[in-house]
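There are 2 protein chains.
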Amino acid sequence: MALDPVLARIDKDLAPATERLLELLRIPSISTDPAYKAECERAADWLVEDLRSIGFEAEKRATPGHPMVVAHADGPGPHVMFYGHYDVQPVDPLDLWDNPPFEPEVQDTPAGKVIRGRGAADDKGQMMTFVEACRAWKAEHGSLPCRISMFFEGEEESGSPSLVPFMRENAEELRADIALICDTGMFGGRTPGIVTMLRGLLGEELTITGPSKDLHSGMFGGLAMNPIRVLARIIASLHDETGRVTVPGFYDGVPELPDEIRRQWDGLNFDVSGFLGDVGLSRPAGEEGRTPLEMLWSRPTCEVNGISGGYEGDGFKTVLPSKATAKISFRLVGQQDPHAIRASFREMVQSMLPPDCSVSFKDHGASGGSQMATSHPAFEQARRALSDEWPETAAYIGCGGSIPIAGYFKDLLDTDAMLIGFGRDDDQIHSPNEKYDMESFHKGTRSWARVLDALSRG
Amino acid sequence: MALDPVLARIDKDLAPATERLLELLRIPSISTDPAYKAECERAADWLVEDLRSIGFEAEKRATPGHPMVVAHADGPGPHVMFYGHYDVQPVDPLDLWDNPPFEPEVQDTPAGKVIRGRGAADDKGQMMTFVEACRAWKAEHGSLPCRISMFFEGEEESGSPSLVPFMRENAEELRADIALICDTGMFGGRTPGIVTMLRGLLGEELTITGPSKDLHSGMFGGLAMNPIRVLARIIASLHDETGRVTVPGFYDGVPELPDEIRRQWDGLNFDVSGFLGDVGLSRPAGEEGRTPLEMLWSRPTCEVNGISGGYEGDGFKTVLPSKATAKISFRLVGQQDPHAIRASFREMVQSMLPPDCSVSFKDHGASGGSQMATSHPAFEQARRALSDEWPETAAYIGCGGSIPIAGYFKDLLDTDAMLIGFGRDDDQIHSPNEKYDMESFHKGTRSWARVLDALSRG
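Chains B and Y, in that order, are what the protein sequence lines are.
Counting from 1, one number per residue, gives the positions in the first sequence under the working numbering.
Counting from 459, one number per residue, gives the positions in the second sequence under the working numbering.
No false leads were slipped in.
A few chain Y residues that don't get close to chain B, going by computed Cβ distances all over 10 Å:
id : residue
1  : L465
2  : A466
3  : D553
4  : G747
To spell it out: a stretch of chain Y is covered by chain B in this simulated footprint if at least three of its residues, at any positions, have a beta carbon under 8 Å from a beta carbon of chain B; those stretches are:
id : stretch
5  : 655-665
6  : 759-769
These are calculated hints, taken from the structure and not from any lab test.
Since the model is a prediction, treat every value here as computed from it, not as a measurement.
Even for Gly, the Cβ is constructed at its ideal location relative to N, Cα and C.
Could you build the full structure based on these sequences and the hints that come with them?
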């Protein structure tokens, strides 16, 4: 089956495709807020109906939370499984939106047309690029180039509580030759990227207790131990002078970057000044001797996400507090073992406690880093297909964030996952005035048409 | 005029005196929070009216902040000026109070009756011991044994911004033969104390700014500088391993304890285990090689009174924050210069900032330590009067807290100050469930009746 007429069909049908996306964006499917439960159902129903209209066997599947949508259609090539999510982030603060978040519209901007509204980029717009590519194949040739399944969840923005149980229960049905995920971005807005490295996340909260109650710093100061001082000393000791994390064994299982990937990343000419300049910074502040992209994508980190203790209001209060708390997260890569690191971190903290202080910990989740199997033939096939569509050659990139679904496909279904996305750094996902570039939507759809073609040819 | 009938009158009138104190305690005169401005006015009005009812010429005097109360009444003896403060500390965390902080009540406890509520000990209860002593003298004899003035401020818990200007402007009116201050404690709950050494207080707030806005720790973590880490490093470096403060020049002007005072303090047999045990601690945590009473009374300190930054709510948020803030105080002694130390501290912080971080400071007041003039004859007169009232002989003691007013009386008005108070270590001032022992209130009132008698006799 020829690719060119499919691409031409996508060009010709951009207006109705955009209308369909706007229709989906009008459904306020906020998963984290129970008030929007019926809207999540409505978004799932909309997708089932749309997929059936292009010949998929599609079903809404109940879970203890919001429903999944699962769809299948036959085709000659390998079996691909596409994952996306139809739920969206909350919209507050509402007053910072220029237009109502669920009254999406196409807007002209100096940088080109954009589709503006909650979910435009994360993830409804990205999800529909794949659906529209399938529609164009079907419309032009009456059939699809591969056997295609789709799997959409409605809880991605609220911690995906039903995802792993559902994948376990439906493992046979969801297993495929390759999983495709469209929830990431391009590199620098011009270079299509296939994410091959995702950092994991380990969340810890620790509370140091010194005196059994808040004290007056005049009456007790100098004699009683201050837990803020203890906490500060622990945090200060988590990095050495070169920016390395000091938790014993932390770097066990951290791989060095393969030369091939290093060359590719060097070739990306990452504009670190621009990236940092946008947030008021000028210098990379990570590990000495590492490039900025390594710091972001392939090196593990330790960050303090929050700290509190004592009097935090206006003015001054001479309290010597009983407790001080910090939330600390570690981004993990390669074969780092989150559970071993949690244990080592806790032991290190215990060993730094002075007499009369105690510590309690709270576990805020643990997932390891993941490394995609670029040796799978689909990766090079997809990379060539993307390079045909865009002005720059596609690159294997990393992603500093954590997208656990990729690991679940591998661990639960033994299915390699490939993350391809068309988002841009300025899409303002999770923030007011979220948008998705019309170019991302249009060329994203064309990209998937090309990738399906390439996968079908092998 | 005979003392005994005055003491008997105090015993007889304890119930109505307690009722008056409870009335004053019901006024939530929190000076640091602008929301309570009208309540501070109300507390001042209440005092003016009460003092007028016992024959004082009393007035509320406006300041740029909360008003002062000034009152005068004639008498034959020397001119004594009594200082107290009607403002109280904030009450958070509110959920740790067993009763609402401004619904005070008299409670029976295993250790005796207590008056429970915010301000019961600091300072409304202590202040009213003096007022009630005057009331008893007046009720019994129709006149006072000395010429008595009173001077109450409403900003003691928020750095006393109006105090020095007011004292300068009204120096003639406020000068006296001796100033009496009731805002300190007994030693060990049995030994009445005259405080002859007070630490000063230097308050600083610093805010470290890294990125210009809060960032996603996955997208930026490892590359962008985290201001909480910077702040932790600064705090951790403020003490060396022996517990000494590392701010350059900090110990300039810190005197060694005179042998005479050291002997008196050694004689007090300070129960450090009991003192620390009451607050869940077991070991002195101050400078190595110093006795516990030195740590509390005669050595300077540095404490962190509050810290905050990033996400502090329930659960977890992977934010890399833009800002982190700490409130830090120094207790000063001897000839330490608060302004020089502030400058040195700020310079030290600046020197520790990594590139891309900036710091802003807020000044929360500065006062040096002070040393009372025990050669003034009033000291020995008062010491004998106190020893008559209590089971143990009164002692000259130190006080870890900062009561700058004592220094102001000397420096601005050339009036020596004498600090006598009836607080106990377990009064929980500045904390939830503050209380004042009924015995302190009762015998404190009797003590002042005795002191006034002793001063009038010379």
